[in-house]
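Undergrad: One letter stands for each residue in the lines below.
2 protein chains.
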Amino acid sequence: MSAAFAVEATQGKARAGILQTRRGLVRTPVFMPVGTQATVKAVSPDELRELGAQIILGNTYHLHVRPGEKLIRRLGGLHEFMAWDRPILTDSGGFQVFSLAKLRRVTPEGVHFQNHLDGTPTFIGPETSMEIQRDLGSDIVMLFDECPPHPCSHADAAKSLELTLAWAERCRAWWDAQPQEWRPLVFGIVQGSAYPDLRERSARALVEMGFDGYAVGGVSVGEPEHEMFAAIENSVPFLPEEKPRYAMGLGTPPQMLEMVARGVDMFDCVLPTRLARNGTAFTARGTLNLKNAPFAEDPSPIEEGCTCAACRDFSRAYIRHLVKAEEILGLRLVSLHNLHFYLNLMRQARERILDGTFEEFRRGFVAGYKAA
Amino acid sequence: MSAAFAVEATQGKARAGILQTRRGLVRTPVFMPVGTQATVKAVSPDELRELGAQIILGNTYHLHVRPGEKLIRRLGGLHEFMAWDRPILTDSGGFQVFSLAKLRRVTPEGVHFQNHLDGTPTFIGPETSMEIQRDLGSDIVMLFDECPPHPCSHADAAKSLELTLAWAERCRAWWDAQPQEWRPLVFGIVQGSAYPDLRERSARALVEMGFDGYAVGGVSVGEPEHEMFAAIENSVPFLPEEKPRYAMGLGTPPQMLEMVARGVDMFDCVLPTRLARNGTAFTARGTLNLKNAPFAEDPSPIEEGCTCAACRDFSRAYIRHLVKAEEILGLRLVSLHNLHFYLNLMRQARERILDGTFEEFRRGFVAGYKAA
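Protein chains in written order, with numbering that gives the first Met the number 0: chain A, 0 to 371; chain B, 0 to 371.
Incorrect hints may have been included.
You can't tell identical chains apart in this list, so a pair holds if it fits in one copy or across any two.
The list that follows gives simulated cross-link-like pairs (lysine-lysine, DSBU-like), each with its CA atoms no further than 30 Å apart [as the list claims (entries may be wrong)]:
hint	residue 1	residue 2
1	369	323
2	290	69
3	101	158
4	69	101
Calculated directly from the structure, the hints in this document are not laboratory data.
Using the sequences and the hints given, assemble the complete structure.
TA: Pasting the structure below:
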């Protein structure tokens, strides 16, 4: 498979690049808002475009369970269904099958489970996952993988990795049998838990098969931060320079910058929208819980100098009132701000890599950011 | 008090008018979206402007209880607080005190009650209500009234009316003692339950005191539709032609047109946003419950030919999916459509009065609309 990724500039291991997808260019480093159920929670496609989102993520597992990829396909595909014309990356469903589904039974063929909504018996294997992602019309397809829990013994992680690699071969074969015109990009997922030898084996085997990009999976699954960094450090050296790298499901703003410094190009994370629903906003100095009493009469915006729609028009006091009163506009505004913050952080990282000042930017940001 | 209302055209009893408020003109007949807690539920001020909302309603009771009118005043008033620069009408809190509050005790001074949120003992009387509305910065202030339940004996309704009229005198006196520059408009509220003699007495007494406009209250409180129409018919003849008339808390789309035909100029109603939260959309042929199975693969918009943002970009199938999945974007889109429908219905009524075709419009609309 041929990649369509160009590295424009580097600083240390950090890269600024351009990824060509069939629905347009994605400039990296990039944050991808998560649209689990064919919508980024509380936010409209128009708002996402205004925020400058270049690409969003869709969830194979959720969309398969409801409303079903066949229905979406008959309605013109996921882009048409949700009125989003820019690229979409779909995860493979692997992570959700292992975190959400009930009565799971893993076989060499794939995974039998009962869905989390109504318990309907369902099966997803590597070929099914590729078919679902094809039917959705995904622009970047992820391989179907097994996600071992954390912690996990070396023996269990090794066994799981072999299954994941066998499934990778089958995904690869499935795509080789498809028409290659208008084919989406297909990304491999490096697994191997906390074990450097397994991460290396996983990365090398996937690169041997050859994919358009490589994700690091099995991170941000409850492990301490140093292990998360180690998982990336143990994977990236075995991935080709000329392909995009994606750290799945990360993370806090400083973690993302640390990952960029370690050579990662793409990120997705539910934190901006999930924390918004609790009234928690991201700022360069850390998170603010807008429910707190000191904000009750605070006329300033969530973050001074922020150009998002929430900070342009509304005070902390007003947003606090909305959140306390459980008004939808409250979580809409905090979601907009948080997505702006994440998207903008990656835009800044990109600019700083391009002008050669990324290291100062990263150090300054990480030093100024207080963990909640 | 001098009015600032001009009737531009009439057809039968229906009127097209212009109401001058201190924050700009309101063209009537007009629908006022309800912003109970300093936000029209699920909708942003930018969206309200795009929808062409000329004026919105705020709730004295709710804002007094949370976050408090003093806080809002210190932050620059309700307009500044919620970033809405067009006119705001505030109700007096009377209706909510009698429908939401607990352990209510009515005295000649006003009403003692425990608020519905945390049971804090609270008092609102006519002067308090005027102060709260002044502090909020309301452009159209409503008198504080007692709202008798439905049904209500003649004796009880008469007794309640006398209290309401005494309170009206006190509200009037309170405003007479205020600086008259930059004074909001003040509207009286006709009460009298289902009794023509009491409606007449109420209207005549209020007109004698003299207000900038007159509402009909105690309607849409559970009575049959013919009683609702009768309450209006028994009030309007005693109200001056040259003042605006407001039917409080109405109604379905056909009811609003019937009220326009009976000489009413202004409306507010929670139905567009309340029903949206259940996935119910308004159309010229009646309501649609988008949760229903036949919409699962329906690629058409909520209403063919509708120009709202929801109908422009999204299918019934997609919105149904969002509503079923309890995604906020679903109720956002249905709220936008429903508000557009109500606002547009009054815009059309106005145009039809201006061009002399209102009666055909009303008859055609009412005949085509199927009650749910």
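Undergrad: Now, for every hint given, state plainly whether the structure supports it.
TA: Here is how each hint holds up against the structure:
For the homomeric pair residue 369 and residue 323, the shortest alpha-carbon distance inside one copy (24 Å) is at most 30 Å, but the shortest distance between copies (39 Å) is not. Taking the shortest alpha-carbon separations for residue 290 and residue 69, only the inter-copy value of 19 Å comes in at or below 30 Å, while the best intra-copy value is 42 Å. For the identical chains of this complex, residue 101 and residue 158 are intra-copy neighbours only, at 22 Å inside a copy versus 63 Å across copies, given an alpha-carbon limit of 30 Å. Proximity of residue 69 and residue 101 under a CA criterion of 30 Å is satisfied intra-copy only: 23 Å inside one chain copy versus 52 Å between copies.
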